[in-house]
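2 protein chains.
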Amino acid sequence: MTAAVHASALHPLDDALALSVTAPGRYTARTSPAYWNMVGPFGGVTAAVLLQAVMRHPDRLGDPLSLTVNYAGAIAEGEFTVQADPVRTNRSTQHWTLSVLQAGPDGAPVVTTTATAVTAARRETWSLPDTPMPETPGPEGLERITRGLPVRWLDRYDLRLVKGGIPQRWDGGGDNSLSQVWMRDEPQRPLDFCALAALADVFFPRVWLRRARQVPAGTVSLTVYFHAGRDPLAETGTGHLLGQARAQEFRNGFFDQTVQLWNQGGTMLASSHQIVYYKE
Amino acid sequence: MTAAVHASALHPLDDALALSVTAPGRYTARTSPAYWNMVGPFGGVTAAVLLQAVMRHPDRLGDPLSLTVNYAGAIAEGEFTVQADPVRTNRSTQHWTLSVLQAGPDGAPVVTTTATAVTAARRETWSLPDTPMPETPGPEGLERITRGLPVRWLDRYDLRLVKGGIPQRWDGGGDNSLSQVWMRDEPQRPLDFCALAALADVFFPRVWLRRARQVPAGTVSLTVYFHAGRDPLAETGTGHLLGQARAQEFRNGFFDQTVQLWNQGGTMLASSHQIVYYKE
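Taken in sequence, the protein lines are chains R and F. So for the first sequence, full-length UniProt numbering puts the first residue at 1; every next one is plus one. So for the second sequence, full-length UniProt numbering puts the first residue at 1; every next one is plus one.
Quick caveat, the hints were computed from the structure, so don't treat them as lab data. Some hints could be false.
Pairs count within a copy or across copies, as identical chains cannot be separated in the list.
Claimed, not checked - Below, computed lysine to any residue pairings styled on SDA-like, alpha-carbon distance capped at 20 Å:
no.	residue 1	residue 2
1	Lys163	Arg213
2	Lys163	Thr131
3	Lys163	Glu143
4	Lys279	Phe204
5	Lys163	Arg147
6	Lys279	Arg123
7	Lys279	Ser92
8	Lys279	Gly229
Please model the complete structure; the sequences and the hints are all you need to start from.
Right, here's the structure in full:
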């Protein structure tokens, strides 16, 4: 009975981040229907699972500083293996190599995702925000986006559009690639590093916005830099983050996206970048 | 005699990129005095050597799309080992894991650098530059920076400052983190992917500019997105690139840097990001 109550109370993200330890740095995980995208899990939740493998490792030093995830192939529904190895530990930084493996058609393990991460002990130093949060209306007065795309994981986010939403008409009339969106987990969940990593990937493909044309697109590589330690994350709690995304270059089937995420107090919690495949 | 002439004619970057194959994807390289930084090689040239290990691999598919290099520890003067493994090959993309190893004090190999890369076959698609090159004076009318830092690798670049140079006085009077610099290899060398990866890392630490204070600083993780295929690189030839760098956030001992590189024709060849350690 207690177990059942506990299970039903588990936040969907915590369910997606559940890892069974099979050996030090070796875990079994399961894809989560709640975060399903079109042909595999939402890329943000895969990034979060990889970071969770670091967070759970007994030898971890410090907190996340950077995470790069390369999406080599779709993860199929079901079990997968996560590997996290601290390959070098310095006095204040630690370097990780990570991967996701899954049994392929012939049963042999196939790499679906490669990644690296750096964790670091944060210190008190001179600090300065050099990119102020843009002035926007707060999330309170904005409605949650309900119209959207037919993918399950979008229901797991409370997104409130400031500007640059999914085009109302796919008429080729786009004129810029900038989006600003207030975002948080749905249901609400206190922010942690894994949730922050996932939030860095919630933006729909910039090519859809810039072209007002919906072509197939998917992230190839994602990098997240964490600018905040545990205290600013705890202070952020369940509050919305303001996320800003734009592209810099669309060329020969790939575009880049730069992202900044601030909490409502105006503290930049993360910056992020990705390179994304698009067709046509 | 022919060999001696050939050796003397080798560009210093090609010398630094020289790899001896010991097995498929296993190479021996040597640090290059011409690209020496303070306690190890210039980080840009280490990125270039890792990318060269991909370029030289017989199983490579396509051209570089993204490269992430994590600087785990300084490479000591002398020989080091480079490993490059294509862990997944799709129809049009290929995913690589990379590392640099070097014998530690007890002779056992130590990881100095981890990296991942993605190569891809480029296709003709709708394409659009979304971040125009800033209007600046061209490189012809600007003098090459000769005053600088006492590090050897800076002599290997022809750098012409538009704005945001190394502060004349370390008086704490900095007010922004933006630099624009025309740059090319010195001596001149036709641009290729490896040289482009190195150029993404030539900017001095943003914390020096923003604070007008010279504190110890070093790159922890660098990512380069390649927006151009072979033809735009060949067209760029030995021309200068305009590089632009700025920071977004300085916090608790780490700041990020965003970079764009355009050729003189205004084509963005690469965008890049790094997270950098600083002291105090």
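>> At most 20 Å between CA atoms: does that hold for Lys163 and Glu143 within a copy, between copies, both, or neither?
In response: Answer is within; shortest intra-copy Cα gap is 13 Å, inter-copy 43 Å.
> Is it within, between, both, or neither for Lys279 and Ser92, if the alpha carbons may be no more than 20 Å apart?
Replying inline: For Lys279 and Ser92, only the inter-copy Cα distance (12 Å) is at most 20 Å; the intra-copy one is 43 Å.
>> Regarding Lys163 and Arg147, is the shortest C-alpha distance of 20 Å or less found within a copy, between copies, in both, or in neither?
In response: Result: close within a single copy only, 15 Å intra versus 46 Å inter.
>> Regarding Lys163 and Thr131, is the shortest C-alpha distance of 20 Å or less found within a copy, between copies, in both, or in neither?
In response: both (19 Å within a copy, 19 Å between copies)
> Which holds for Lys279 with Phe204 at a C-alpha limit of 20 Å: within a copy, between copies, both or neither?
Replying inline: within (15 Å within a copy, 37 Å between copies)
> Are the CA atoms of Lys163 and Arg213 at most 20 Å apart within a copy, between copies, both, or neither?
Replying inline: within (17 Å within a copy, 38 Å between copies)
> From the Cα coordinates, with 20 Å as the cut-off, is the pair Lys279 and Gly229 best called within, between, both, or neither?
Replying inline: between (38 Å within a copy, 17 Å between copies)
> Between copies, within a copy, both or neither: which fits Lys279 and Arg123 at Cα up to 20 Å?
Replying inline: between (44 Å within a copy, 9 Å between copies)
In summary, the structure agrees with every hint in the numbered list given earlier.
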